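Given chain A, work out where chain B should sit, using these hints.
Protein sequence lines, in the order shown, are assigned to chains A and B. Residues 3 to 237 in the working numbering are what the first sequence lists, from first letter to last. Residues 3 to 237 in the working numbering are what the second sequence lists, from first letter to last.
Hints in this document: simulated from the structure, not taken from any laboratory. Every value quoted in this text rests on a predicted model; they were computed, and no experiment measured them. Treat the hints loosely; a few may be bogus.
Same chains, same label: a pair holds when it works inside one copy or across any pair of copies.
[Claimed, not checked] No farther apart than 25 Å at their CA atoms in a straight line, the calculated lysine to any residue pairs in the SDA-like style are these: (1) K121 <-> E63; (2) K121 <-> L134; (3) K164 <-> S116; (4) K121 <-> T208; (5) K121 <-> T143; (6) K221 <-> R88; (7) K121 <-> T204; (8) K80 <-> D210; (9) K121 <-> R151; (10) K147 <-> G17; (11) K121 <-> R44; (12) K80 <-> L134; (13) K23 <-> D101; (14) K121 <-> D89; (15) K142 <-> M122; (16) K23 <-> E85; (17) K121 <-> D149; (18) K80 <-> P99; (19) K147 <-> A97; (20) K80 <-> I4; (21) K121 <-> P70; (22) K164 <-> G191; (23) K121 <-> A189; (24) K121 <-> F231; (25) K164 <-> M122; (26) K23 <-> P70; (27) K221 <-> S187; (28) K23 <-> H230; (29) K23 <-> A118.
Number of protein chains: 2
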Amino acid sequence: EIVAAAEAYFAQAAGPLAGKKAIVTSGPTHEPIDPVRYIANRSSGKQGHAIARALAALGAEVTLVSGPTREPDPAGVKTVPIESARDMLAACEAALPADIVVCAAAVADWRVASAADQKMKKEAGALPPLQLTENPDILKTLSQKTDGRPALVIGFAAETEKVVEHATAKRARKGCDWILANDVSPATGTFGGDSNTIHLVTESGTEDWPAMTKTEVGKRLAARIAEHFQTGHSV
Amino acid sequence: EIVAAAEAYFAQAAGPLAGKKAIVTSGPTHEPIDPVRYIANRSSGKQGHAIARALAALGAEVTLVSGPTREPDPAGVKTVPIESARDMLAACEAALPADIVVCAAAVADWRVASAADQKMKKEAGALPPLQLTENPDILKTLSQKTDGRPALVIGFAAETEKVVEHATAKRARKGCDWILANDVSPATGTFGGDSNTIHLVTESGTEDWPAMTKTEVGKRLAARIAEHFQTGHSV
Numbered sequence: 003e004i005v006a007a008a009e010a011y012f013a014q015a016a017g018p019l020a021g022k023k024a025i026v027t028s029g030p031t032h033e034p035i036d037p038v039r040y041i042a043n044r045s046s047g048k049q050g051h052a053i054a055r056a057l058a059a060l061g062a063e064v065t066l067v068s069g070p071t072r073e074p075d076p077a078g079v080k081t082v083p084i085e086s087a088r089d090m091l092a093a094c095e096a097a098l099p100a101d102i103v104v105c106a107a108a109v110a111d112w113r114v115a116s117a118a119d120q121k122m123k124k125e126a127g128a129l130p131p132l133q134l135t136e137n138p139d140i141l142k143t144l145s146q147k148t149d150g151r152p153a154l155v156i157g158f159a160a161e162t163e164k165v166v167e168h169a170t171a172k173r174a175r176k177g178c179d180w181i182l183a184n185d186v187s188p189a190t191g192t193f194g195g196d197s198n199t200i201h202l203v204t205e206s207g208t209e210d211w212p213a214m215t216k217t218e219v220g221k222r223l224a225a226r227i228a229e230h231f232q233t234g235h236s237v
Numbered sequence: 003e004i005v006a007a008a009e010a011y012f013a014q015a016a017g018p019l020a021g022k023k024a025i026v027t028s029g030p031t032h033e034p035i036d037p038v039r040y041i042a043n044r045s046s047g048k049q050g051h052a053i054a055r056a057l058a059a060l061g062a063e064v065t066l067v068s069g070p071t072r073e074p075d076p077a078g079v080k081t082v083p084i085e086s087a088r089d090m091l092a093a094c095e096a097a098l099p100a101d102i103v104v105c106a107a108a109v110a111d112w113r114v115a116s117a118a119d120q121k122m123k124k125e126a127g128a129l130p131p132l133q134l135t136e137n138p139d140i141l142k143t144l145s146q147k148t149d150g151r152p153a154l155v156i157g158f159a160a161e162t163e164k165v166v167e168h169a170t171a172k173r174a175r176k177g178c179d180w181i182l183a184n185d186v187s188p189a190t191g192t193f194g195g196d197s198n199t200i201h202l203v204t205e206s207g208t209e210d211w212p213a214m215t216k217t218e219v220g221k222r223l224a225a226r227i228a229e230h231f232q233t234g235h236s237v
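So that you can see chain A by itself, here it is in the shape it has in the complex:
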């Protein structure tokens, strides 16, 4: 860990992303129903944490805003633990300004409109009144900032069908720069697993990456980001 911290220290002075600030979101969000129940997304946090580590290794100053995961806090990265989507957005906004944002978290689209203060009793009524309401859209909010928009905003699209088609539409809808699309159908083992097959959707089109580990995806993405800044945003 001392070695990792030292490496991160020297990378921040000398790496190709030295002087750049990055925000990475990771993990799921947990949206409370009551003190004992919640709605969650399946997300191990492995991919987001790997991206945070890889960006730090290239010299970026990284803030990792993460929902509950089993992943250790990466060395040389400032980790901000959160639970809900609203907390995640607030933590991202607090970390601005930034040059790079990578939204890798699996944010719950909806939350319960008014979470109960006490545990809902099963016998009190037939079914709980689960009034849902839309969560803030973190990727869209950061992509469409008119004041102080990060130079490079990157989202993920976890799809179970028509992966690239959905991702291309998502890129346009959110106003972000790049989308990393992947197939998370149960048969692929992406959720909780160690490997990932990415399609990078940019303004110029789609680039299909081979299957690789989530650590390798992190490194490849960080290298692409460094290349992007070195070539004057031409990618």
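Just chain B now, kept in the frame of chain A:
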């Protein structure tokens, strides 16, 4: 681990619960909404796993039916991993007959009536149609078996207010023999924490245990169960 397995082996030959079969449930259940979303209960599985270990240490033959947790599978115990409440009930039924059942899992009371096969799209409509339906009641089902009911059925009551009152009513309603009631208000730190303050509700009344670790709760409960069988079910 070899030592633990060996200890478990000798305990099963010689301990006060030798020859008894026990089923313990532990952890949360995850009820799918679609391939990426689910409803969950907060439960670390620490208490259920500690009870399974303690019963095995006194010689019982233990089947541990557990939802997703970070706890390692206890040595000398048969662990059956499950996700949903329906899977948990099926695994318990498959493990019958048993002398002892301890339902320590935080089972979701409700599930989504028809989970979606594909990821629900946020833009497809305003809000997802979260039709909920009641899950099977595992504690009640096992307590009220007319054929082959386990001799001692024990449940938990995780409450955030009126702890003993709610637990006493729950014991009567479910038809179980004992209830271990605890206060899981966020301020108590019981969820995910290492300690627990138990009120044991039996036919004879309520016994307040001091605050102790979940490991100690497991040992104390296992000792009480052994005492129960040794004194001819008089407790």
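Going down the list of hints, with the structure as the test:
For the identical chains of this complex, K121 and E63 are neighbours neither inside a copy (41 Å) nor across copies (34 Å), given an alpha-carbon limit of 25 Å. For a Cα distance limit of 25 Å, the shortest separation of K121 from L134 qualifies both inside one copy, at 18 Å, and across copies, at 17 Å. For the identical chains of this complex, K164 and S116 are inter-copy neighbours only, at 22 Å across copies versus 34 Å inside a copy, given an alpha-carbon limit of 25 Å. Within a single copy, K121 and T208 get their C-alpha atoms only as close as 47 Å, which misses the 25 Å cut-off; across copies the closest is 22 Å, which meets it.
In this assembly of identical chains, the alpha carbons of K121 and T143 lie at most 25 Å apart only when taken from different copies (22 Å versus 33 Å within one copy). Taking identical chains as interchangeable, the C-alpha atoms of K221 and R88 are never at most 25 Å apart, the minima being 29 Å within one chain and 41 Å between chains. Taking the shortest alpha-carbon separations for K121 and T204, only the inter-copy value of 23 Å comes in at or below 25 Å, while the best intra-copy value is 46 Å. Within a single copy, K80 and D210 get their C-alpha atoms no closer than 31 Å, and across copies no closer than 44 Å, so neither meets the 25 Å cut-off.
Taking CA atoms no more than 25 Å apart as the test, K121 paired with R151 passes in neither setting, with 41 Å inside one copy and 30 Å between copies. For the homomeric pair K147 and G17, neither the shortest alpha-carbon distance inside one copy (28 Å) nor that between copies (67 Å) is at most 25 Å. In this assembly of identical chains, K121 and R44 lie within 25 Å of each other by CA distance both inside one copy and across copies; the values are 24 Å within and 12 Å between. In this homomeric assembly, K80 and L134 never come within 25 Å of each other (Cα to Cα): the closest approach is 32 Å inside a single copy and 40 Å across copies.
Proximity of K23 and D101 under a CA criterion of 25 Å is satisfied intra-copy only: 5 Å inside one chain copy versus 61 Å between copies. With identical chains, the CA atoms of K121 and D89 are at most 25 Å apart both within one copy (22 Å) and between copies (24 Å). When the C-alpha separation of K142 and M122 is checked against a cutoff of 25 Å, the pair qualifies only between copies, where the shortest distance is 18 Å, while the shortest distance within a copy is 34 Å. In the homo-oligomer, the alpha carbons of K23 and E85 lie at most 25 Å apart inside one protomer (23 Å), although the nearest pairing across protomers, at 40 Å, exceeds that limit.
Taking the shortest Cα distances, K121 and D149 never come within 25 Å of each other, neither inside one copy (42 Å) nor across copies (33 Å). Taking the closest pair of Cα atoms, K80 and P99 come within 25 Å of each other only inside a single copy of the chain (15 Å); across copies the shortest separation is 52 Å, beyond that limit. In this assembly of identical chains, K147 and A97 lie within 25 Å of each other by CA distance solely inside one copy; the values are 14 Å within and 57 Å between copies. Taking CA atoms no more than 25 Å apart as the test, K80 paired with I4 passes inside one copy only; the shortest distance there is 16 Å, against 40 Å between copies.
For the homomeric pair K121 and P70, the shortest alpha-carbon distances inside one copy (21 Å) and between copies (21 Å) are both at most 25 Å. For a Cα distance limit of 25 Å, the shortest separation of K164 from G191 inside one copy, 17 Å, qualifies, whereas the shortest one across copies, 44 Å, does not. With identical chains, the CA atoms of K121 and A189 are at most 25 Å apart between copies only, with a shortest distance of 14 Å across copies and 36 Å within one. With identical chains, the CA atoms of K121 and F231 are never at most 25 Å apart, being 50 Å at best within one copy and 34 Å at best between copies.
Proximity of K164 to M122 under the C-alpha cut-off of 25 Å is restricted to the inter-copy arrangement: shortest distance 13 Å between copies versus 39 Å within a copy. Taking CA atoms no more than 25 Å apart as the test, K23 paired with P70 passes inside one copy only; the shortest distance there is 23 Å, against 36 Å between copies. Taking CA atoms no more than 25 Å apart as the test, K221 paired with S187 passes inside one copy only; the shortest distance there is 24 Å, against 42 Å between copies. Taking the shortest alpha-carbon separations for K23 and H230, only the intra-copy value of 15 Å comes in at or below 25 Å, while the best inter-copy value is 63 Å.
Proximity of K23 to A118 under the C-alpha cut-off of 25 Å is found in neither arrangement, the shortest distances being 38 Å within a copy and 39 Å between copies.
In the structure shown, a violation is registered for the earlier hints numbered 1, 6, 8, 9, 10, 12, 17, 24 and 29, in ascending order.
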